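Undergrad: Work out the full structure, taking the sequences as your base and the hints as a guide.
Line order of the protein sequences matches chains A and B.
Numbering-wise (my numbering), the first sequence opens with residue 1 and increments by one.
Numbering-wise (my numbering), the second sequence opens with residue 1 and increments by one.
The hints are simulated quantities; they were obtained by calculation from the structure and are not laboratory data.
Here the structure is a predicted model, which means the values were calculated and not measured.
Keep in mind that the hints are not guaranteed to be accurate.
[What the hints assert, rightly or not] Chain A side only, calculated, beta carbon under 7 Å to chain B, not exhaustive:
1. Glu4
2. Leu8
3. Thr18
4. Pro20
5. Asn31
6. Ile32
7. Met33
8. Lys35
9. Ile36
Ideal Cβ positions, reconstructed from N, Cα and C, are used throughout, including at glycine.
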Amino acid sequence: MKNEEDKLDMLLHKLSNTDPELSDAEMLTENIMQKIKAKDRHRNPILLTWIRSVTGTAAVLLIGLFLFQQNGIETTASATKLEPPEIRLNIDSVCLKNMKSPSTNLMAVYLCHLQQNSIKNKQFKIIEQQLKN
Amino acid sequence: MDQSTLTELITSSKRNDQKAFRSIVECYQYMIYSLAFRMLGNEEDAKDTVQETFIRVWINLKAYHPDKKFSTWMYAIATNLCLDKLKSSKYKFKDYSIDDTILNVISSENVEQTVINSELGIIIRKLTSELTPKQKIVFTLRYLEEIEIDEIVQITGMTPDKIKSNLFLARQTIRRKLEIL
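TA: What follows is the structure, encoded as structure tokens:
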């Protein structure tokens with residue numbers, strides 16, 4: 001047992017003192033440097049990488065802003081939903097009831113309103129005269 | 001190479017100075033070759049490992065922290081590469097019996113006269129053929145490269161207890177082989 005331990009220690013001592021020989025050390029250095037140059041050629045320039053990341057971030061932000069704005073417009077539109085024309089314009093509902101789509105023909109509604117007003121004015125004058133008499 | 005020169009070379013290399021890195025390669029390539037040769041027992045694979053190690057060093061140089069010893073950091077990279085190779089099918093268990101080559105080494109007065117590179121590779125492979133990749137790694141680092149346990153901890157990331165148990169098992173296996181002689 002002791003003999004084997006001694007043998008092993010002796011062998012290890014001798015092996016650790018025996019350095020492996022490196023042939024063509026210069027060639028090995030040259031190969032390493034060539035591979036490094038090739039790696040560097042394939043490596044993206046720092047500026048290009050930087051520009052890529054900045055433009056990528058900007059694109060994402062713009063898309064986000066666009067979506068946010070779209071959502072904002074829809075919210076505003078629903079919040080400020082147009083009131084019925086008869087309330088908003090205070091126009092006689094008789095005119096509106098006769099129109100199929102009042103929002104598309106406001107001029108006609110307005111003319112109708114004026115006619116209604118003139119009729120009412122005439123009626124008002126008649127009543128006023130009757131009261132004076 | 002003194003520490004200040006090495007620090008200067010590392011700083012320049014971090015700024016993509018290839019001339020500075022060439023100096024580092026010239027200074028350390030033999031150290032890495034010796035380690036890889038002793039771990040793998042094969043000249044060609046050892047040279048491949050040296051190349052791969054320095055490419056990794058160049059790529060990861062910015063991640064190197066000066067608090068760590070540069071040689072230890074390089075040893076760690078080379079050891080990981082060797083470990084990957086030892087786990088590959090090429091290095092799977094082959095039955096190398098102990099023969100006269102090893103007997104000659106033990107009995108000779110001057111080893112360097114007796115052992116040439118190819119024989120040294122054969123001897124290492126025969127001695128360590130029954131060891132697991134991890135046992136081979138710690139055995140080579142401790143007994144052939146004569147690195148202290150504390151540094152092996154940094155190189156391999158293993159605990160001191162794990163290293164010691166691997167060394168014990170490696171010695172036991174090799175001693176059993178030597179009993180045949």
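Undergrad: For a quick check of understanding: which of the numbered hints are violated here, in increasing order?
TA: When the structure is compared with the hints, none of them turns out to be violated.
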